[in-house]
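Enquirer: The residues making up each chain are set out below.
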Amino acid sequence: MFEQLGTAILDLLQLKFLVPLVIGTFVGVVGGALPGVTITMTIIVVLPFTFGLDPLQGLAAMTGVYVGGSAGGLVTAVLLGIPGTPSAIATTFDGYTMRRNGEPGRALWLGIWASCFGGLLGGVFLIATTGPLAAIALEFGPWEFFALFIFALSMVVGLTEDSLLKGLLAGTFGLLVTTFGSDPIMSVPRFTFGTEFLRGGFDFLPVLIGIFAFAQIMTELEKMHGGSGSGGARAATPNLKIAQLKVIGEILARPVLLLWSTAVGLLIGVLPAIGGSAASVMAYDQAKKISRRPERFGTGIPEGIIASESSNNANVGGSLVTIMAFGIPGDAVTAVMLGAMTIHGIQSGPLFMVQEAKLAYGIFAAYLLAHPIMIIVMALGARFFLRVVTVPKSALVPIVLVLCTVGAYALKNTIDNVWVLALFGVFGYALVKLKFPLAPVILGLILGDQIEVNLVRALMNDPNPLLFVTRPISALLLGLSVASVLFSLWQRRRQAARLAALPETAPDF
Amino acid sequence: MTKLVLAAAALAILASGSAMAAYPERPVKVIVPWAAGGDTDNIFRPFVLPLQKALGQTVVIANIGGASGTVGAREAKNSPPDGYTLYVVHDYIHLTYYTGVADVNYSDFEPICSVSSTPSVLTASAKTKWKSLKELIDDAKANPGTVSVGATLGSTSHFFPALIEKAANVKFKYVSYDGLAQRMNAILGGHIDLTDGNLTQKGKVDAGQLRFLAIATEKRAPELPDVPTLKESGYDIEYAVTRGLLAPKGTPDDILGKLDMACSEAVKDPAFAASMKAQGTDVKYLGRKEYGEFLRKNDEINKSMAKELGLLKR
Chain B
1 MFEQLGTAIL DLLQLKFLVP LVIGTFVGVV GGALPGVTIT MTIIVVLPFT
51 FGLDPLQGLA AMTGVYVGGS AGGLVTAVLL GIPGTPSAIA TTFDGYTMRR
101 NGEPGRALWL GIWASCFGGL LGGVFLIATT GPLAAIALEF GPWEFFALFI
151 FALSMVVGLT EDSLLKGLLA GTFGLLVTTF GSDPIMSVPR FTFGTEFLRG
201 GFDFLPVLIG IFAFAQIMTE LEKMHGGSGS GGARAATPNL KIAQLKVIGE
251 ILARPVLLLW STAVGLLIGV LPAIGGSAAS VMAYDQAKKI SRRPERFGTG
301 IPEGIIASES SNNANVGGSL VTIMAFGIPG DAVTAVMLGA MTIHGIQSGP
351 LFMVQEAKLA YGIFAAYLLA HPIMIIVMAL GARFFLRVVT VPKSALVPIV
401 LVLCTVGAYA LKNTIDNVWV LALFGVFGYA LVKLKFPLAP VILGLILGDQ
451 IEVNLVRALM NDPNPLLFVT RPISALLLGL SVASVLFSLW QRRRQAARLA
501 ALPETAPDF
Chain G
1 MTKLVLAAAA LAILASGSAM AAYPERPVKV IVPWAAGGDT DNIFRPFVLP
51 LQKALGQTVV IANIGGASGT VGAREAKNSP PDGYTLYVVH DYIHLTYYTG
101 VADVNYSDFE PICSVSSTPS VLTASAKTKW KSLKELIDDA KANPGTVSVG
151 ATLGSTSHFF PALIEKAANV KFKYVSYDGL AQRMNAILGG HIDLTDGNLT
201 QKGKVDAGQL RFLAIATEKR APELPDVPTL KESGYDIEYA VTRGLLAPKG
251 TPDDILGKLD MACSEAVKDP AFAASMKAQG TDVKYLGRKE YGEFLRKNDE
301 INKSMAKELG LLKR
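Protein chains in written order, with my numbering: chain B, 1 to 509; chain G, 1 to 314.
Please keep in mind that the hints were generated in silico from the structure rather than gathered at the bench.
In this text the structure is predicted, and so the values were computed from the model without any measurement.
Using N, Cα and C, we set each Cβ at its ideal position, and we do this for glycine too.
Everything hinted at is true.
For lysine-lysine, the following BS3-like pairs were computed, each having C-alpha atoms within a straight-line distance of at most 30 Å:
1) G:K129 to G:K202
2) G:K173 to G:K307
3) G:K289 to G:K307
4) G:K277 to B:K16
5) G:K249 to G:K77
6) G:K131 to G:K277
7) G:K131 to G:K202
8) G:K53 to G:K268
9) G:K53 to B:K16
10) G:K202 to B:K358
11) G:K277 to G:K29
12) B:K358 to G:K277
Ranges between beta-carbon positions, derived for each pair:
13) G:S264 to B:I415: 32 to 40 Å
14) G:G250 to B:E139: 51 to 59 Å
15) G:I301 to B:V402: 47 to 55 Å
16) B:T195 to G:T146: 38 to 46 Å
Isolated chain B, as found in the complex:
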């Protein structure tokens, strides 16, 4: 197996494969870094070019986009506090805080190297265990998916700094937003107020940018207006120097964290319909749970960045597993890749690895090679990215606002989405002011439709609700959900006891 992989890597180093791979990775990084441009949109832009190419050239380009995009999102997340792609959500928690603490270079490169390590570890794992992993994923019926999503939500609710109640409420807000528009099963309009636009529901992207970006920009503005002394001084002397070896050392000194986050990312990747955003948030939560000092999460510590970024790149590997093993797309990005194969007449399915071995190992090789290429692209770009930090806020804030608005508009070429952006911007800002955590809102948004669809599916299949607690995997996951909430209660109490004397400032996110 590894012999075939070696041959494939050597094959891929030929110029005719390397060029599309490098271009794909570069385009992916750029698309990932632009808020409002998702990896799916980027890969669709690349798709038509792949028709004229040899299948492996096309798939190499797409794999490059996927890997580059998953890493590119961190640039915006760290430097502007806005996730460039949804999968970089959790990177903002500590990445942006670290940048504000005057270490943008360290934050950026921690993210980049964590992406690389997470992705590569995930890749090795992917190649070794494609079969068994994918087999587990197939066992997930609607009951198990429902339970899994509830588990994911319960974990993130536990992240809340202030109170469990606010976390739960925040998750509910997210779920409620997804009930707007036509219901996902029979298209019955809900909360549309008779408008045509709301029948499609709220698009995820403008809501996400609204809640994150607008809230972020408003807090920036407050700081500018208030104490320009301390804030300005800090921004004036950011530490742009990067000690690469030190950053790598920081990551490798935390092997358990790295492996665990990678495992979370892989697992989420293998399961269909979840994606990198959930992987990043869940890995962050896991990191916080296994940490001995969970209270430091959100204050700009490396652990937070490493967890989020290693898991979202490992997630890419996981999504590729399902394509390899079953010919089933794990998410929207792999669906486009699968489409490209279908157009070339390649039969996807369980025999893919055997019948199309050259292509399959070619994709593995492209995936592994895309990581060092991503590092090079980032290294060349980092100098320019980091200049963003030195741009005065009065110039930067309007530019970011314009970018976000353009992104929301471009999604469907409709001004309605700009209103959605504005609406949720205000909503997000209000949440921040009231000290509600944003992560559960976002995860509720991501999972809302899936929770509903799987609940309905389960009951259409068998009206007996007890199946949720009698099917073993589903019961286990629901049990873990309860345990997760109880654990965070316990952790909070222990923390409170330990830090009773120390004064602490709660971070915004």
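Put chain G on the given structure of chain B with help from the hints.
Expert: This is chain G only, laid out in the frame that chain B set:
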């Protein structure tokens, strides 16, 4: 960052150039009302390549998915009738209208041409015990309402099994799975027993993970010589999904003519034909008039099917 803003602005200006000159003088948008990588998307992506060559202008696919394809339908209906927004449909447009899922029907559009036809194949999970259509029907008769079928409710994948249900006088249980990819996931795991599949899933059948029970064509397909037709099994059912291009109502006649011309050239493209063969789909070109006639007949058929199956809501 500033450079990116400038680039974005430049693109926006380019995209919004003024109309009026000879059509087409700016890129044409084609709305595919489902996600990228789905069946319809896979058929139209290779199609727009020869189409844009014939038109002499860029053709861009916009995937506007959601709610059984009805979100994209509404968007297309509300687009200006200037030939710069086209819309891809298949039989779902009639079905979603008559089953009450959407209020958009084919008559809200002008026909341009049909492009392809994909026959349905009744597909069973390998985790079921049926080796043939007869075994399935016998089992379904003995245990009514236990055989689960994954389907996009109110769309073609719901109607095809419903036709069999009626012809064989059995009762299935429907579970909502939007789109073929999701249904494949569920059927491989054995979470549903049956679904409406097509030849693109042949790889999984060869691997023993799925079973093709019957094909809904007049004669057996050359790629699947061992799969019997529904007709030879005694059920008079032929079912195929025909895909074509529409434009919003009121699009000028000469523009429709130009598009149809381009369409008739594009379907002859050998690369497109090869790609359709790989996807188990026949190239089926009908011009403006013929396609309009086809849609009208198909609408009546679908209406009476919906009525017979008790799904008619209008």
